Structure formats: C-alpha cells, structure tokens
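Participant: Chain residues, written in single-letter form:
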Amino acid sequence: MLVNEMHNQDPLLIGDKTFTSRLFTGTGKFSDQATMVAALKASGSELVTMALKRVDMQHKDDDILAPLIKNGMNLLPNTSGARNAKEAIFAAQLAREALQTNWVKLEIHPDPKYLLPDPLETLKAAEALANEGFVVLPYVHADPVLCKHLEAAGCAAVMPLGAPIGSNKGLKTADFLEIIIEQANIPVIVDAGIGSPSHAALAMEMGADAVLVNTAMAVAGNPVAMSAAFAGAVQAGRQAYLAGLAGQVQHAVASSPLTAFLNAG
Amino acid sequence: MNITVNESVVALAEGSSIEKLLISLDKPLTGSAVAVNQQIISRSKWAEYKICEGDEISLFQAIAGG
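So the protein sequences, as listed, match chains L and D. For what it's worth, the numbering used here labels the leading residue of the first sequence as 7, then goes sequentially. For what it's worth, the numbering used here labels the leading residue of the second sequence as 937, then goes sequentially.
This is chain D alone, in the form it adopts within the complex (with noise of 0.2 Å):
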C-alpha cells in the first residue's frame, strides 16, 4: 500500500505498525513525534496502531534549538 510521509510516497506491506513504519524509514524511535492524519499518536500505541492505505504521516524529530 502507498501512504504518504511527510508529503513523501512510501511503498508500506499491509497492516504495518507506526513502529514497524519508522523502523523500516531507518528513523530513531526516541525524540520522535507522529501524526496520522493531522492526530497525534500516542508513542504508547506505536507497536499496536496499523497504518492504513492512503495515510498521511506526519513525522518530527527533536533537533538543536534555542
């Protein structure tokens, strides 16, 4: 299935996790933030929340800052 991360296509197999989805991006499970369809998700739901067909990710990282 197709979804969409941060205005980006990804090519996903069925029934993926949050987590399986930052996982396979190669992204850091810590300081990461997610939105499904502008809703953020909780990180405790990451391992059982499924990411359906045309999803739109929001994903933020902490970065440096003043």
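In isolation and in its complexed conformation, chain L is listed as follows (with noise of 0.2 Å):
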C-alpha cells in the first residue's frame, strides 16, 4: 500500500471530528502572523490550539482568527493560566463563548518555573467539563493510572507530556506514554517537550495517536521548512506503526547467508 492511500484510510476520530492528519500544532510564540500561517499549512495541521485572555484596553490585537478559520482549521481553545479547576472550567466556558466551540484543551498549571499540570485539579475539572458536555482534551503527566481516571471521566483523548512545555527535550517520560497507549481506549495525543522531528516521529511509532507542537516549529531557523518536516515525520512514524516495527534483540541475526562462501570453490 502506498504511503498517501495508507494516510487517506486512516482517519483519526476525536469526539465529533475526524482528522486526516495526525499533526496537531499551537499557535503561539511565531515571529509574525503570516510566518505561523504559512507554517500551519505547511504543516497541514487541521486543529490549532489558542488561548484567551483579558482584553488590553489600551491596544488592539490581531486578528488571529480570521486566516486561520479561513484555512479550514479547527481551533481547540486551551485553558492556559488556569491555576486551579474553578479557573479552568470559567476559562472553558468563556473560549466556549469565544470561539464557539465546546471542544477545551484542558491545562491547568499553577507552577509557571515548569508548567506541569495538577493532576488533582485537572481530574476535578475534566469531570465537570465533560459533564457540561464539552469535549475535553487534557495536559497531564505521563501518568497511567490518571489517564484511566480521566478516560472514566468522558474525556475525548488524553495529552501526556513527553517533557515540560517548550523544552524541547524529546520524550523523557517513553516508558510511561508506552503504557498510557496499551491501555487507552481514546486517542492519546503527545503533547509539550516534542523539540524535533525524530520525537514526533518516535511518538508515532510507539503508537500515538497523534502529537501536538508548537515551540519546536515556531522558534525554528525556517519555521515553515521545519513544519512541513514534522509533517514528513507524523506520517513516516504512523506508518511506521502500522507496518509493525521488526523487534530488537541483544545480538546479531545476519542479514545476508554466511554459509561457505570463503570455502567456495
């Protein structure tokens, strides 16, 4: 099977969505407008994460949303600056409001040295989210068990971090995204600490369902070359997957006959 007829008949479902490409990006910390534009098409991302904030008065803001609408992506509004669940569900209600979507990034990180999400605080608010009817889609640890208890909790998909946010740092939580993966029913998606293609793609190998970036694409030398090269490694990774990975053993298996060829003749 080719690479774009596996692509096309491997649809990803969240909630009420389906999405052909695996490759979820964010929107923030891009030089320009037209840079992250022209970087999100080439990632051919169709869900982009987006913030709230309280208006400055004393400035006008961009337009953010008018190019992205327009190229028919997805906004997934998060929760960022919530530091606990009652913020949190206020800020989902609000984007709700905002963007018209019931579709919520859930994060909620009080510490800002590190950004790592409150586990107790995210469960608490997932439960009321999800029961409101949103579509709940939450930044926590690489924490197994809790990804169970927020699955139980009716959220859509799971997003466990592979290292803090904006670190760049790979995956340093693998063996614990391998075990949230086996054991979720809905899609696991690796976000925050995916520095470079190769961590994409290795998170799409283990069997991802699909990973968010941001910081890795937007603080890039080219940032549109470096997004379409994630989009080159989503798509190698997955298939990949698919393809069933040869397994790894301690000593050599020859890949060519070894038998009498010095004694021939």
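Treat the hints with care, as some may be off.
[Unchecked claim] Computed footprint of chain L on chain D; a stretch qualifies when at least three of its residues, placed anywhere within it, have a C-beta under 8 Å from a C-beta of chain L: (1) 958-964; (2) 967-976; (3) 993-1002.
[To be verified] Coverage of chain L stretches by chain D, computed from C-beta distances (three or more under 8 Å per stretch; other residues unrestricted): (4) 30-39; (5) 54-62; (6) 80-86; (7) 104-112; (8) 199-207.
[To be verified] With a straight-line Cα cutoff of 20 Å, these simulated DMTMM-like cross-link-like pairs (lysine to aspartate or glutamate) come out: (9) D/986 <-> L/103; (10) D/963 <-> D/984; (11) L/66 <-> D/955; (12) D/956 <-> D/943; (13) D/963 <-> L/93; (14) D/981 <-> L/38; (15) D/963 <-> L/16; (16) D/963 <-> L/127; (17) D/956 <-> L/62; (18) L/66 <-> D/943; (19) D/956 <-> L/103; (20) L/59 <-> D/943; (21) D/981 <-> D/950; (22) L/59 <-> D/962; (23) L/66 <-> D/962; (24) D/963 <-> L/68; (25) L/59 <-> D/992.
The hints are simulated quantities; they were obtained by calculation from the structure and are not laboratory data. Please read these numbers as outputs of a predicted model, since none were measured by experiment. Glycine included, each C-beta is placed from N, C-alpha and C at the ideal position.
Using the hints, build the complex out of the two chains.
Facilitator: Next comes the structure, spelled out in structure tokens:
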C-alpha cells in the first residue's frame, strides 16, 4: 500500500470530528502572523490551539482568528493561565463563547517555572466539563493511572507530556507513554516537549494517535520548512507503526547468508 | 453612565447593549467573550443585554497560544 493510500484510510476520530492529519499545532511564539499561517499550512494541521486573555484596553490585538478559519483549521482553545479547576472551568466557558466550540484543551499549571499540570485539579475540572458537554482534551503528566481516570471521566482524548512545555527535550516519559498508549481506549496525543521531527516520529512509532507541536516549529530557524519536516515525520512514524516494527534483539542476526562463501570453489 | 471594563472606567450611553459596547470600544465581535459582574453572557444575548450603571465588564479575546 502506498503512503498516501495508507494516510487516507487511517483517519483519526476524536469526539465528533475526523482528522486526516495526526499533527496538531499551537499558534504561540511565532515571530509574526504571516509566518504562523504559512507554517500551519505547511504542517497540514487541522486542529490548532489558541489561548484566551483579558483584553488590554490600551492596545488593539491582531485578528488571529480570520486566517485560521479561512484555512479550514479547527480551533482548540486552551485554559492556559488557570491555576485550579474553578478557573479552568470559567476559562473553558469563556472560550466556548469566544470561539463557538465546545472543544477545550484543559490545562491547569499553577507553577510558572515548570508549567507542570496539576493532576487533582485537572481531574476535577475534566469531570465537570465533560458533564457540561465539553469535548475535553486534558494536558497531563504521563501518568497511566490518571489517564484511565480521565478516560472514565468522559474525556475525548488524553494529552500526556513528553517533557515540560517548550523545553524541546523530547520523550523523557517514553516508558510511561507506552503504558498509557497500551491501556487507552481513547486517543492519546503526545503534547509538550517534542523538540524535533525525530521526537514526533518516535511518538507515532510508539502508537500515539497524534502529537501536538508548537515551540519547535515556531522558534525554528525556518518555521515553515520545519513544519513541513514535522508533517513528514508524523506520517512516517504513523506508517511505521501500522507496518509493524521489527523487534530488537541483543545479538547480531545476519542479513546475508554466511554459509560456505570463503571455502567455495 | 459609567461602567468598568477590565478595570478601566468607561462612559457609556444609557441602555447600551453589549454589542454596542464592543463596537464603541472598537473591539472585535468574533473571538470575544464577555462577563458582566462575573456572569458569562452568551453571544446570542449580546444585542439585547442592557448594561447598567456600575456594571463590571470583563472582556476576553482569543489570542495565539500553545
């Protein structure tokens, strides 16, 4: 089967939406809006995250929405800035009004240094938001037990981290991501820490359903070219997973016949 | 009448709606969310919801983020 055929026959279903691209992207940290739009188009992403902030009355912000909607991208508002469940629920309700979507990337990180998600508040908020009809995608530690609780709470997917947000350190949590992927009955989207296309490919080879990348694209030397590189890596990783990776062994296993060559004739 | 919008005092004509407020502030209607005295007001009610003297308006806007 050709790569494109495999790609087209392998849609990702989350909540009420179907995605052909398994590369989700953030919109932060790009140097300007034109670069952001060009990079997101190059990535092929169909789901992009956004944040919400209190309006600065003294300044007029750029209209970030129009070019995203024009290019057919689905919006995934986050609750960044929320320090507890109550604030996150309020942020999600505001985002629903602002962006007219019931999808939400639930993130609660009270500590600004490491931006690590608070598991207790996240579970509490996830239960409440799922009961309110939100399509909840929680950003969490790579904690298999927590991910099962979030699944039971009605989350549409889980988004375990590879490493702290914006750190570009890769899949430091790989062993636990594998357990989460093995146990999950909902999509697993590896989020945070993915710093290079090889990290993204590795996550997909492990069986992640998708990855979310922002910083590594936005602050790359050439964000547009890097976004295209990520798109290729995610497709390759997914195809490798579907193809079935060969197992590893400790000793050499010959790829050529070793019999009687030197003694021949 | 005077109201506050994100902690700034704003003078507004009596009986103005949320929609009128956003237009007078030159803020976009799309991508915005509004709370009046900590209660989120649904977008579908912006045209009819009348703002009262002393109301505290919180105005939010979608921005770039990861």
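Participant: Each hint: holds or not?
Facilitator: Verification of the supplied hints:
Evaluation of the coverage hint for the stretch 958-964 of chain D: fulfilled, as 4 residues show C-beta separations to chain L shorter than 8 Å, against a requirement of three. Look at the stretch 967-976 of chain D against chain L: 6 of its residues bring a Cβ nearer than 8 Å to a Cβ of that chain, three or more, so the hint holds. Requiring three or more residues with a Cβ within less than 8 Å of a Cβ of chain L, the coverage given for the stretch 993-1002 of chain D holds, as 9 such residues are present. Beta-carbon proximity to chain D at under 8 Å applies to 5 residues in the stretch 30-39 of chain L; the threshold of 3 is reached and the given coverage holds.
Coverage of the stretch 54-62 of chain L by chain D holds. Counting CB-CB distances below 8 Å, 8 residues qualify, and the rule asks for three or more. Only when three residues or more bring their CB closer than 8 Å to a CB of chain D does the claim for the stretch 80-86 of chain L stand; here the count is 4, and the claim holds. Given as covered by chain D, the stretch 104-112 of chain L passes the check, having 3 residues with a CB less than 8 Å from a CB of that chain where 3 are the minimum. Under a criterion of three residues with beta carbons nearer than 8 Å to beta carbons of chain D, the stated coverage of the stretch 199-207 of chain L fails, only 0 such residues being counted.
Only pairs whose Cα atoms come within 20 Å are accepted, and residue 986 of chain D paired with residue 103 of chain L is accepted, the gap being roughly 18 Å. Taken as a hint, the residue 963 of chain D and residue 984 of chain D pair is honoured in the structure, with Cα atoms around 18 Å apart against an allowance of 20 Å. Only pairs whose Cα atoms come within 20 Å are accepted, and residue 66 of chain L paired with residue 955 of chain D is accepted, the gap being roughly 17 Å. In summary, the hint linking residue 956 of chain D to residue 943 of chain D is supported, as the alpha carbons are separated by about 19 Å, within the 20 Å threshold.
Only pairs whose Cα atoms come within 20 Å are accepted, and residue 963 of chain D paired with residue 93 of chain L is rejected, the gap being roughly 24 Å. Of the supplied pair hints, the one linking residue 981 of chain D and residue 38 of chain L is violated, its CA atoms being roughly 34 Å apart against a limit of 20 Å. At roughly 42 Å between alpha-carbon atoms, residue 963 of chain D and residue 16 of chain L are farther apart than 20 Å, so this suggested pair is violated. Only pairs whose Cα atoms come within 20 Å are accepted, and residue 963 of chain D paired with residue 127 of chain L is rejected, the gap being roughly 33 Å.
Between residue 956 of chain D and residue 62 of chain L, the direct Cα distance comes to roughly 18 Å. Compliance with the 20 Å bound is thereby established for this hinted pair. Taking the CA atoms of residue 66 of chain L and residue 943 of chain D, the gap is about 17 Å. The hint holds against a cut of 20 Å. Restraint check: the Cα-Cα separation between residue 956 of chain D and residue 103 of chain L comes to about 17 Å, which is no more than 20 Å; the hinted pair holds. At most 20 Å may separate the alpha-carbon atoms for a hinted pair to count; residue 59 of chain L and residue 943 of chain D meet this at roughly 14 Å.
Of the pairs offered as hints, the one joining residue 981 of chain D and residue 950 of chain D holds, with about 18 Å between alpha carbons and a cut-off of 20 Å not exceeded. At most 20 Å may separate the alpha-carbon atoms for a hinted pair to count; residue 59 of chain L and residue 962 of chain D meet this at roughly 17 Å. Under the criterion of a C-alpha separation no larger than 20 Å, the hint pairing residue 66 of chain L with residue 962 of chain D is consistent with the structure, at around 8 Å. Using a Cα cut-off of 20 Å, the hinted pair residue 963 of chain D and residue 68 of chain L holds, with the two alpha carbons roughly 11 Å apart.
Taking the CA atoms of residue 59 of chain L and residue 992 of chain D, the gap is about 17 Å. The hint holds against a cut of 20 Å.
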